[in-house]
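Asker: The lines below spell out each chain.
2 protein chains.
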Amino acid sequence: MKQISGGICAAKGFKANGIHCGIRKNRTKKDLALIVSDIPAAAAAVYTTNLVKGAPLTVTKAHIADGIAQAVICNSGNANTCNANGIEIAEQMSDLLAQALNISPKDIVVASTGVIGQPLDITPIAAGIPALVAGLSTDGCDAAAEGIMTTDTVKKEIAIEFEIGGKTCHIGGIAKGSGMIHPNMATMLVFITTDVAIAPAMLQKALSGDIAGTFNMVSVDGDTSTNDMVTVLANGMAGNAPIETEGEDFATFMKALNTVTVNLCRMIAGDGEGATKLLECIVSGADDLTVARTVAKSVICSSLLKAAMFGADANWGRVLCAIGYSGAPVNVDRVDVSFRSPKGEITVCRNGAGVAFSEEKAKEILLERNIEILISIGDGNVTATAWGCDLTYDYVKINGDYRT
Amino acid sequence: MKQISGGICAAKGFKANGIHCGIRKNRTKKDLALIVSDIPAAAAAVYTTNLVKGAPLTVTKAHIADGIAQAVICNSGNANTCNANGIEIAEQMSDLLAQALNISPKDIVVASTGVIGQPLDITPIAAGIPALVAGLSTDGCDAAAEGIMTTDTVKKEIAIEFEIGGKTCHIGGIAKGSGMIHPNMATMLVFITTDVAIAPAMLQKALSGDIAGTFNMVSVDGDTSTNDMVTVLANGMAGNAPIETEGEDFATFMKALNTVTVNLCRMIAGDGEGATKLLECIVSGADDLTVARTVAKSVICSSLLKAAMFGADANWGRVLCAIGYSGAPVNVDRVDVSFRSPKGEITVCRNGAGVAFSEEKAKEILLERNIEILISIGDGNVTATAWGCDLTYDYVKINGDYRT
Numbered sequence: 012m013k014q015i016s017g018g019i020c021a022a023k024g025f026k027a028n029g030i031h032c033g034i035r036k037n038r039t040k041k042d043l044a045l046i047v048s049d050i051p052a053a054a055a056a057v058y059t060t061n062l063v064k065g066a067p068l069t070v071t072k073a074h075i076a077d078g079i080a081q082a083v084i085c086n087s088g089n090a091n092t093c094n095a096n097g098i099e100i101a102e103q104m105s106d107l108l109a110q111a112l113n114i115s116p117k118d119i120v121v122a123s124t125g126v127i128g129q130p131l132d133i134t135p136i137a138a139g140i141p142a143l144v145a146g147l148s149t150d151g152c153d154a155a156a157e158g159i160m161t162t163d164t165v166k167k168e169i170a171i172e173f174e175i176g177g178k179t180c181h182i183g184g185i186a187k188g189s190g191m192i193h194p195n196m197a198t199m200l201v202f203i204t205t206d207v208a209i210a211p212a213m214l215q216k217a218l219s220g221d222i223a224g225t226f227n228m229v230s231v232d233g234d235t236s237t238n239d240m241v242t243v244l245a246n247g248m249a250g251n252a253p254i255e256t257e258g259e260d261f262a263t264f265m266k267a268l269n270t271v272t273v274n275l276c277r278m279i280a281g282d283g284e285g286a287t288k289l290l291e292c293i294v295s296g297a298d299d300l301t302v303a304r305t306v307a308k309s310v311i312c313s314s315l316l317k318a319a320m321f322g323a324d325a326n327w328g329r330v331l332c333a334i335g336y337s338g339a340p341v342n343v344d345r346v347d348v349s350f351r352s353p354k355g356e357i358t359v360c361r362n363g364a365g366v367a368f369s370e371e372k373a374k375e376i377l378l379e380r381n382i383e384i385l386i387s388i389g390d391g392n393v394t395a396t397a398w399g400c401d402l403t404y405d406y407v408k409i410n411g412d413y414r415t
Numbered sequence: 012m013k014q015i016s017g018g019i020c021a022a023k024g025f026k027a028n029g030i031h032c033g034i035r036k037n038r039t040k041k042d043l044a045l046i047v048s049d050i051p052a053a054a055a056a057v058y059t060t061n062l063v064k065g066a067p068l069t070v071t072k073a074h075i076a077d078g079i080a081q082a083v084i085c086n087s088g089n090a091n092t093c094n095a096n097g098i099e100i101a102e103q104m105s106d107l108l109a110q111a112l113n114i115s116p117k118d119i120v121v122a123s124t125g126v127i128g129q130p131l132d133i134t135p136i137a138a139g140i141p142a143l144v145a146g147l148s149t150d151g152c153d154a155a156a157e158g159i160m161t162t163d164t165v166k167k168e169i170a171i172e173f174e175i176g177g178k179t180c181h182i183g184g185i186a187k188g189s190g191m192i193h194p195n196m197a198t199m200l201v202f203i204t205t206d207v208a209i210a211p212a213m214l215q216k217a218l219s220g221d222i223a224g225t226f227n228m229v230s231v232d233g234d235t236s237t238n239d240m241v242t243v244l245a246n247g248m249a250g251n252a253p254i255e256t257e258g259e260d261f262a263t264f265m266k267a268l269n270t271v272t273v274n275l276c277r278m279i280a281g282d283g284e285g286a287t288k289l290l291e292c293i294v295s296g297a298d299d300l301t302v303a304r305t306v307a308k309s310v311i312c313s314s315l316l317k318a319a320m321f322g323a324d325a326n327w328g329r330v331l332c333a334i335g336y337s338g339a340p341v342n343v344d345r346v347d348v349s350f351r352s353p354k355g356e357i358t359v360c361r362n363g364a365g366v367a368f369s370e371e372k373a374k375e376i377l378l379e380r381n382i383e384i385l386i387s388i389g390d391g392n393v394t395a396t397a398w399g400c401d402l403t404y405d406y407v408k409i410n411g412d413y414r415t
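Chains as they are written, first to last, in our numbering: chain Y, 12 to 415; chain R, 12 to 415.
Treat the hints with care, as some may be off.
Since the list can't tell identical chains apart, any single copy or any two copies may satisfy a pair.
Unchecked claim - Using 30 Å as the maximum straight-line C-alpha spacing, the simulated DSSO-like pairs for lysine-lysine come out as follows:
#1 Lys408 with Lys36
#2 Lys36 with Lys372
#3 Lys40 with Lys216
#4 Lys374 with Lys40
#5 Lys408 with Lys374
#6 Lys13 with Lys23
#7 Lys40 with Lys23
#8 Lys374 with Lys36
#9 Lys216 with Lys13
#10 Lys178 with Lys23
#11 Lys23 with Lys374
#12 Lys23 with Lys36
#13 Lys23 with Lys72
To be clear, the hints were calculated from the coordinates, so they are not data collected in a lab.
If we strip away everything but chain Y, and leave its shape as in the complex, we get (with noise of 0.2 Å):
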């Protein structure tokens, strides 16, 4: 399983592009991104579980009800939420595509991120759609990743190979931060293209079962977006024995598609708001998932932790406390914690006290820019990691004024 590039358009038969149609003031500043398949694919997808549902997240849900898609449209600058013609608007934006790719408007999976509760204008979507549509090429995953981005302040895109019954197979993902970050049973925005020839029902199946362990443990700030969707098309291109059951492929499947979502995981939660840190905290010891899952993501989401690692301080207090108040039956006494980064490891809490340790030592480890807290919470051998970030002025910086 080797990582590759070329992103979304790794995989045989997808193209891409991404313009700035003038959603957007800033002139310099993509808003609008597409991802085509040359022939129509297998669709899955998993959405926010947050009430207030953005209205493409429903337009998408029925139009991918029959497991089909060839087509992924998503603006930025507007969520398109909480106004009163969204699903109309992201109707509209299907139909326009789909008169240009001549394809079915049911086949268009369609998406929108930026601020809530304005109403989306569909005049420079319209007017962009016939450039975007021309400027279509396999190289177009630079300019689609950044059609999507808000705040985000790099790019993120990552695409691997590997090999199914012989068959040379390809997943590739984009995807966008990088605030309103905590996703709940589906995620911020991300697209996922493969060639790889897998029934729908198993597509579902697979991405279903992935994000528990995923994007579902990444938080930035608490916050679970309106508009948090993850979708895969799989246009079957590799020309593999189709994937219809649980077995070998399958797993090689789901395992290559772990290891795009783990790799899009840590770029979302190191390009946090504000973030100077990616913060990953690995949990073993667990007898049971769910602890091993809830006790990271606590961990991870604390406020007070992610001030601390943006100060480099190796206040692990804090650690024992996220872990205490996260609602896991942990027994306290028992727990280890250790902080380690490129410059070392260092112990700091046995048995739930604290150990003597060098402060400058510490300091020098948490000075780095990717670090993990690692938790040993007993002897059983279940783990889990959540990705997070530090909490920086930046992040207040960026929030205390966003729509303006």
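With chain Y fixed as given, assemble chain R onto it according to the hints.
Answerer: Just chain R, lined up with the frame of chain Y:
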């Protein structure tokens, strides 16, 4: 029911004091507080639900199991939690104070607040107790309120006067915030005194009944502390007929207690770490109290909304978002949202969708220090309030390097 001065010394028969004993390096910051009743008092307490519980809580729970206490000792600068000998040190604090006051150590409430995970040295406490006791006075509330402060920027004290059965009664309280504030079944440190005569069981009933709508509805940062505790001492010196059952007198006492606790909630939230604004989220129109409270607390906890309030940005989409992920069954198409402050009130969302409003007027309203977020969720008549604060640069600064 009128507000008076004197705090915890407003009730008859209570004295207090606070000194710098040397737990903190800064000699101008008091770090040890004492409250004493002239006679043994009915005692009630509620504690954090964090599984990691401070040693002082364990000791206090045992001491007041009989419903009686006479004194409260509390140090700041060290939480005496997650260390090897916390219980032993908390017992030593009790024993030393008991000797100095010539009372039983079993009648002492012990509390600690500050950094978690470091051993608490008994030496400065032992050395300080004689001066602490010698300085007890009915003017000592300010000193005690200062003695329990950590990152608090202002003292938090309140007292009220009221009548029960023709007798003048008093309740007073002090509190410390101001980070790791997200109480759950109990709260930060709050010490309340009253001269009302009330049976211990009724006192506990009053306290437990009150906190669900007061301290448990406060959040500064979502982190439920390990050392949260609220205690009430009631010494009966007002001379009212002892409250042994529910009825008019109990209702009057509950109302008086609630006046004190709501005031302390507002002080704690308004002085949250780094806060520039007190936020009060008032949810009305619910059919069910749990729904109203869940929605109010979810909104007050949203990092995104808190940052928007810091920036005086009327980004009400974040209010809808937080309602949607709260877990409460709300019909989001019926939600109205307004912002209110001394500068006026402005409606920004009706029936789940944005309405046109003056950004200029909204800014003027949100630049005030006290902001109300008014949410109507339907036709019911149940309301709930939650208290919080904005998320600011200073929160990050304070918590980026708390230990040094």
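Asker: If the cutoff is 30 Å on CA atoms, where do lysine 374 and lysine 40 land: within, between, both or neither? Let me know, please.
Answerer: Result: close only across copies, 28 Å inter versus 38 Å intra.
Asker: Using 30 Å as the alpha carbon limit, work out where lysine 408 and lysine 374 are close: within a copy, between copies, both or neither.
Answerer: both (26 Å within a copy, 17 Å between copies)
Asker: Give the relationship of lysine 23 and lysine 36 under a CA distance limit of 30 Å: within one copy only, between copies only, both, or neither.
Answerer: neither (35 Å within a copy, 66 Å between copies)
Asker: Go through the copies and call it for lysine 178 and lysine 23: within, between, both or neither, with a Cα cutoff of 30 Å.
Answerer: Within. Shortest intra-copy distance 12 Å satisfies the 30 Å Cα cut-off; inter-copy 86 Å does not.
Asker: At most 30 Å between CA atoms: does that hold for lysine 40 and lysine 216 within a copy, between copies, both, or neither?
Answerer: So lysine 40 and lysine 216 fail the 30 Å test inside a copy (36 Å) and across (60 Å) alike.
Asker: Regarding lysine 216 and lysine 13, is the shortest C-alpha distance of 30 Å or less found within a copy, between copies, in both, or in neither?
Answerer: Only inside one copy: lysine 216 and lysine 13 sit 24 Å apart there, 64 Å across copies, limit 30 Å.
Asker: When no copy is specified for lysine 13 and lysine 23, does a C-alpha distance of 30 Å or less occur within a copy, between copies, both, or neither?
Answerer: Within one copy, since 16 Å is at most 30 Å while 77 Å is not.
Asker: If the cut is 30 Å between Cα atoms, do lysine 36 and lysine 372 qualify within a copy, between copies, both or neither?
Answerer: The answer is between: 24 Å across copies meets 30 Å, while 47 Å in one copy does not.
Asker: Go through the copies and call it for lysine 408 and lysine 36: within, between, both or neither, with a Cα cutoff of 30 Å.
Answerer: within (20 Å within a copy, 33 Å between copies)
Asker: Quick one: lysine 23 to lysine 72, C-alpha cut-off 30 Å, is that within a copy, between copies, both, or neither?
Answerer: within (25 Å within a copy, 67 Å between copies)
Asker: At 30 Å max between alpha carbons, let me know whether lysine 23 reaches lysine 374 within a copy, between copies, both or neither.
Answerer: neither (47 Å within a copy, 52 Å between copies)
Asker: Within, between, both or neither: how does the pair lysine 374, lysine 36 come out at a Cα-Cα threshold of 30 Å?
Answerer: between (42 Å within a copy, 22 Å between copies)
Violated hints, in rising order: 3, 11 and 12; the structure is consistent with all others.
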